[in-house]
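Q: The residues making up each chain are set out below.
Protein chains: 2
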Amino acid sequence: MHAITCSGAGGPEVLEWTKVPDPTPGPGEVIIDVAATAVNRADLLQRQGHYPPPPGASEILGLECAGTISAVGAAISLDHIGERVVALLAGGGYAEKVAVPFGQVMSVPTGVGLVEAAALPEVACTVWSNLDLVANLSEGEWLLVHGGGSGVGTMAIQIGRALGARVAVTAGSKEKLDRCAALGAEVLINYRDQDYLDVMREETGGRGVNVILDNMGATYLERNVSALARDGRLVIIGLQGGTSADLNLNTLLRKNASVHATSLRGRPQSEKAAICRQVERTVWPWIHAGVVRPTVDRILPLRDAAYAHTLIADGAATGKVVLAT
Amino acid sequence: MHAITCSGAGGPEVLEWTKVPDPTPGPGEVIIDVAATAVNRADLLQRQGHYPPPPGASEILGLECAGTISAVGAAISLDHIGERVVALLAGGGYAEKVAVPFGQVMSVPTGVGLVEAAALPEVACTVWSNLDLVANLSEGEWLLVHGGGSGVGTMAIQIGRALGARVAVTAGSKEKLDRCAALGAEVLINYRDQDYLDVMREETGGRGVNVILDNMGATYLERNVSALARDGRLVIIGLQGGTSADLNLNTLLRKNASVHATSLRGRPQSEKAAICRQVERTVWPWIHAGVVRPTVDRILPLRDAAYAHTLIADGAATGKVVLAT
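So the sequences go chain by chain: A and B. The opening position of the first sequence corresponds to residue 56 in my numbering, with each subsequent residue numbered one higher. The opening position of the second sequence corresponds to residue 56 in my numbering, with each subsequent residue numbered one higher.
Be aware that one or more of the hints could be misleading.
Claimed, not checked - Chain A is nowhere near these chain B residues, computed Cβ spacing over 12 angstroms in every case:
#1 68
#2 123
#3 130
#4 228
#5 230
#6 246
#7 259
#8 348
#9 358
Claimed, not checked - Across the chosen pairs, the derived CB separations fall in these ranges:
#10 107(B) with 241(A): 32 to 42 angstroms
#11 109(A) with 340(B): 15 to 25 angstroms
#12 285(B) with 236(A): 37 to 47 angstroms
#13 130(B) with 253(A): 34 to 44 angstroms
#14 219(B) with 110(A): 25 to 35 angstroms
#15 344(A) with 260(B): 43 to 53 angstroms
#16 81(B) with 285(A): 22 to 32 angstroms
#17 81(B) with 323(A): 51 to 61 angstroms
Keep in mind that the hints were calculated from the coordinates and are not lab data. Glycine included, each C-beta is placed from N, C-alpha and C at the ideal position.
Input sequences plus hints: build the corresponding full structure.
A: If you want it as structure tokens, here you go:
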């Protein structure tokens with residue numbers, strides 16, 4: 056098969072369209088003939104050599120895909136061959152075929168095309184697991200989503216609204232904020248000229264934000280903790296602003312608040328499978344009902360993965376960049 | 056009535072046994088004729104002027120008591136007069152009488168004397184709410200309790216064991232560690248000559264600790280996060296080692312871990328009442344069954360509150376110091 060491989064650690068230019076051996080399905084795995092994958096920020100880090108794949112995972116980039124099951128390993132019924140599915144991968148999505156534990160395979164939600172569906176697994180599983188399992192976001196609560204125009208951000212706005220929360224977002228351009236508004240965000244903060252701490256104090260009548268979904272890490276830690284309401288939960292899912300910062304425990308304690316940091320990729324297979332089942336049961340019906348939609352910035356050929364990486368690195372995409380085989 | 060009042064902010068010498076007006080019960084409150092109260096570290100901070108009582112609370116020290124209901128406010132049945140009870144207070148315990156919302160009044164657990172029972176409300180509610188509600192400590196998990204010989208520590212060991220956890224403690228003397236062992240702690244770490252991080256790595260086969268109950272805050276933050284297992288929860292309930300420290304978000308993220316900081320006193324009345332009900336339902340039966348016992352270092356006259364404060368400040372007590380009227 057063909058795949059995008061890395062000639063070394065570095066910039067987008069290390070990505071190459073090459074011939075590699077076909078994957079074979081281990082016990083409990085299936086092979087998916089990939090119709091499309093999608094770009095995640097973790098792919099950029101892995102390409103740069105900063106985010107090695109977990110033990111046993113493919114060296115090929117790509118954390119999600121949509122496609123058709125073409126082979127099954129031991130303990131998986133042959134009846135599944137031919138099924139159109141999406142999957143959460145530990146790696147290997149930037150290829151024509153990929154092996155994946157069957158527990159991480161999900162149905163294609165009704166009403167979504169197969170290529171477009173490749174935009175869903177990572178953001179749906181990341182957002183649902185963090186907002187529900189980790190933060191227990193509840194009806195009527197305020198959710199602040201940093202990077203509202205990102206793939207995760209555009210999904211977090213919609214799932215936040217579906218859970219009954221009021222949603223605020225930060226983003227770096229009017230175009231992205233307009234898109235966030237269309238998805239249901241009611242407070243739109245341009246981080247280039249507004250301080251989200253001030254805005255959220257004002258918007259919540261001084262009470263603060265119940266849940267923050269943060270992709271920045273260190274640079275936002277102090278202001279995020281300050282922005283939290285009593286019993287607030289800060290959930291950090293990205294460290295684009297650095298990995299280490301001062302935490303004011305006194306502020307946290309007076310608020311009865313908590314700081315969580317999570318990574319979907321690092322979860323064991325059993326947890327990923329459990330999250331996939333819950334996403335199928337909870338998020339897919341919202342998609343079927345039109346409450347939640349995949350947000351696809353554009354669909355590019357998989358061969359153009361390098362260009363797709365520059366789009367994500369430059370913050371030039373709103374929502375997901377999908378790569379079709 | 057008589058009470059211990061503060062002549063100003065300062066050392067134990069500011070505590071004075073004086074005459075003050077009797078409290079009157081507000082709507083939904085009862086008056087308890089205090090048989091005993093007990094010392095909490097927060098009392099020392101409040102005496103020093105560092106921990107003002109929450110709005111509406113008594114200026115008098117004292118966060119818990121045992122005694123007899125002698126009067127009731129509006130909406131509380133007269134039938135409760137004469138009941139022997141314990142209570143979680145927002146303040147006012149260092150006195151012959153105290154007013155308290157009825158929701159924070161609990162029965163005296165079977166088999167515990169009234170004076171001794173004054174040692175229970177704060178530690179039972181603090182430990183139960185943090186280990187169960189906040190940390191969701193589960194059977195078979197490792198719990199590390201810092202300050203195992205303190206009032207909270209001695210209760211945390213027992214409740215941790217009752218929840219089915221394996222318990223490790225740190226303390227500063229062999230005497231305290233021996234007492235912790237008698238209460239059920241199986242790993243005993245003298246922080247004066249052992250590094251708990253090394254010990255717990257060894258004891259958990261490198262997997263780390265699932266839940267840490269911490270009273271130190273800043274000085275232990277880095278090592279606590281390092282000591283956590285995957286999905287670990289650090290629960291900070293005291294800041295004896297300072298309020299601000301560097302947090303390594305990358306470590307937290309790779310572990311899918313969380314940092315919580317909580318204060319029982321700052322919780323709204325409704326939450327305190329809910330915790331009291333759950334403690335009566337969960338912890339009191341353990342006491343009745345002999346699985347959990349109050350740990351009382353000694354019982355002193357309330358007039359000797361100043362001496363009791365020096366005992367707590369010096370770490371000279373194992374378990375609670377009770378003050379009887």
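Q: Looking at the structure, which of the earlier hints fail to hold?
A: 11
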